[in-house]
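The listed protein sequences correspond, in order, to chains A and B.
Numbering follows numbering that gives the first Met the number 0, with no gaps: position 112 of the first sequence is 111.
Numbering follows numbering that gives the first Met the number 0, with no gaps: position 197 of the second sequence is 196.
Please keep in mind that the hints were generated in silico from the structure rather than gathered at the bench.
Heads up, a few of these hints could be off.
Claimed, not checked - Okay, the calculated beta carbon distance ranges per label pair:
no.	chain 1	residue 1	chain 2	residue 2	range
1	A	Ala8	B	Arg153	20 to 30 angstroms
2	A	Ala164	B	Ala200	45 to 55 angstroms
3	B	Ala206	A	Val26	42 to 52 angstroms
4	B	Ala40	A	Ala8	42 to 52 angstroms
5	B	Leu129	A	Val29	37 to 47 angstroms
All C-beta atoms in this analysis are idealised placements derived from N, C-alpha and C, irrespective of residue type, glycine included.
Residues per chain, in single letters:
2 protein chains.
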Amino acid sequence: MRYELYYWAGIQGRGEFVRLALEEAEVEYVDVARGPGGESAMARLVGGEEVQQPAFAPPFLKAGELLIGQTANILLYLGAQHGLAPADEPGRLWTHQLQLTIADFVDEIHDTHHPIASSRYYEDQREEALARAADFVKSRAAKYLGYFERVLERNRAGAQHLVGAELTYPDLSLFQVVAGLRYAFPRAMTRLERQYPRVVALHGRVAEHPRIAAYLASERRIAFNRHGIFRHYPELDAGA
Amino acid sequence: MRYELYYWAGIQGRGEFVRLALEEAEVEYVDVARGPGGESAMARLVGGEEVQQPAFAPPFLKAGELLIGQTANILLYLGAQHGLAPADEPGRLWTHQLQLTIADFVDEIHDTHHPIASSRYYEDQREEALARAADFVKSRAAKYLGYFERVLERNRAGAQHLVGAELTYPDLSLFQVVAGLRYAFPRAMTRLERQYPRVVALHGRVAEHPRIAAYLASERRIAFNRHGIFRHYPELDAGA
Numbered sequence: 000m001r002y003e004l005y006y007w008a009g010i011q012g013r014g015e016f017v018r019l020a021l022e023e024a025e026v027e028y029v030d031v032a033r034g035p036g037g038e039s040a041m042a043r044l045v046g047g048e049e050v051q052q053p054a055f056a057p058p059f060l061k062a063g064e065l066l067i068g069q070t071a072n073i074l075l076y077l078g079a080q081h082g083l084a085p086a087d088e089p090g091r092l093w094t095h096q097l098q099l100t101i102a103d104f105v106d107e108i109h110d111t112h113h114p115i116a117s118s119r120y121y122e123d124q125r126e127e128a129l130a131r132a133a134d135f136v137k138s139r140a141a142k143y144l145g146y147f148e149r150v151l152e153r154n155r156a157g158a159q160h161l162v163g164a165e166l167t168y169p170d171l172s173l174f175q176v177v178a179g180l181r182y183a184f185p186r187a188m189t190r191l192e193r194q195y196p197r198v199v200a201l202h203g204r205v206a207e208h209p210r211i212a213a214y215l216a217s218e219r220r221i222a223f224n225r226h227g228i229f230r231h232y233p234e235l236d237a238g239a
Numbered sequence: 000m001r002y003e004l005y006y007w008a009g010i011q012g013r014g015e016f017v018r019l020a021l022e023e024a025e026v027e028y029v030d031v032a033r034g035p036g037g038e039s040a041m042a043r044l045v046g047g048e049e050v051q052q053p054a055f056a057p058p059f060l061k062a063g064e065l066l067i068g069q070t071a072n073i074l075l076y077l078g079a080q081h082g083l084a085p086a087d088e089p090g091r092l093w094t095h096q097l098q099l100t101i102a103d104f105v106d107e108i109h110d111t112h113h114p115i116a117s118s119r120y121y122e123d124q125r126e127e128a129l130a131r132a133a134d135f136v137k138s139r140a141a142k143y144l145g146y147f148e149r150v151l152e153r154n155r156a157g158a159q160h161l162v163g164a165e166l167t168y169p170d171l172s173l174f175q176v177v178a179g180l181r182y183a184f185p186r187a188m189t190r191l192e193r194q195y196p197r198v199v200a201l202h203g204r205v206a207e208h209p210r211i212a213a214y215l216a217s218e219r220r221i222a223f224n225r226h227g228i229f230r231h232y233p234e235l236d237a238g239a
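Can you make the complete structure from the sequences, with help from the hints?
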């Protein structure tokens, strides 16, 4: 079976968390919206009258007859299918809990540049973004990064992974968050990173996983840009 | 086994989505933080050095040896244990997808009164809240409510439930969202509700479920107030 991923063509966005899992699982997939007619096909699956179980928004994944929406839900599915999560229930729930906490972190990162309305330009909410980003850099980023540092530290199988002794899907997602934060908030991250050595080391190890390294070096990896979740606006990047 | 729910004592908040599932499942549970010493016990489980798999924040549920965090993850677990979700994988994933979309909706509702920083008072971000709430009432609320209306309309088993022909955990959560929106945005909801008759009818049906009706009439149900997710500030409630 060839998976079909549906997500906006020009950005990493939330789709990137799914792409990383598909790449690490070494499965066949098409990034539909990046091909000809792909964005229309995606629009039909979101808005079409004939879709019985529509997704609220991209990303969603077509897996044979299944149409699965919500990033963390897609990863729950892929994790079980391709060994990117423990097989036992306690491990599966703990893995998913970490992913949902990463999803909350990602939502807060998005809102640093869009605190008022996703439908409006950054420039129209720049003042509010300055205030929200300042709070994010000052307290929220540290709260989340500190949490994942603790999780790594307390993992009885060692700080190499978030869950047990193997790579799981939240490891891939935490790699992506660190990469994105470095792009969006380079000054703040330089300062923050020193306090979270285990998180930083995890990022480095994931980047060197052979299949992930190959993906990152390929044209399939879209560059960070000012349309995605992680955006670099120097004025939001308080290094203090 | 007696479940232990850990959540802030004075508010419905995100814990309410779990309480509704526990009540409908008719299981034995303690709302720990509402008892003597409960908030300290909760703080120890969040911040304690000895907790190997800590939650980022309440709510979390102790189920025997398991400590499960993240609202949607707790519901994934309870849904499987107590027949509040389909047993087959496609049904289980679809149910969870709907819950994660409700979680996104709830995050946006929270941010109407706290668009800049959760750690600061509403009064310190009131101007920004006016702008964010206006966008919420004008476009986001309708987008989410319209989505759930479509899901109900397209359910092949009928519009009585979101998933199949039985009550599932997102039905309980959607009930709670409608109840909360009516409290927080009474003027806007009066106008909005007319467009989403299936969602409104679902709210009414869930409220009349015998176990839910008994819960709502009991002292266990905390009243809505200005400390929770759904807050009534008349100035944010644009009826236009």
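Are Ala206/B and Val26/A spaced within 42 to 52 angstroms by their CB atoms?
Since Ala206/B and Val26/A have Cβ atoms about 45 angstroms apart, the given range 42 to 52 angstroms holds.
Is 37 to 47 angstroms a correct range for the gap between the Cβ atoms of Leu129/B and Val29/A?
44 angstroms Cβ-Cβ, so the 37 to 47 angstroms window holds.
Between the beta carbons of Ala164/A and Ala200/B, is the distance compatible with 45 to 55 angstroms?
50 angstroms, holds
Falls inside 42 to 52 angstroms, the C-beta gap from Ala40/B to Ala8/A?
49 angstroms, holds
Okay, Ala8/A versus Arg153/B on CB: inside 20 to 30 angstroms?
27 angstroms, holds
The structure is consistent with each of the numbered hints, conforming to all of them.
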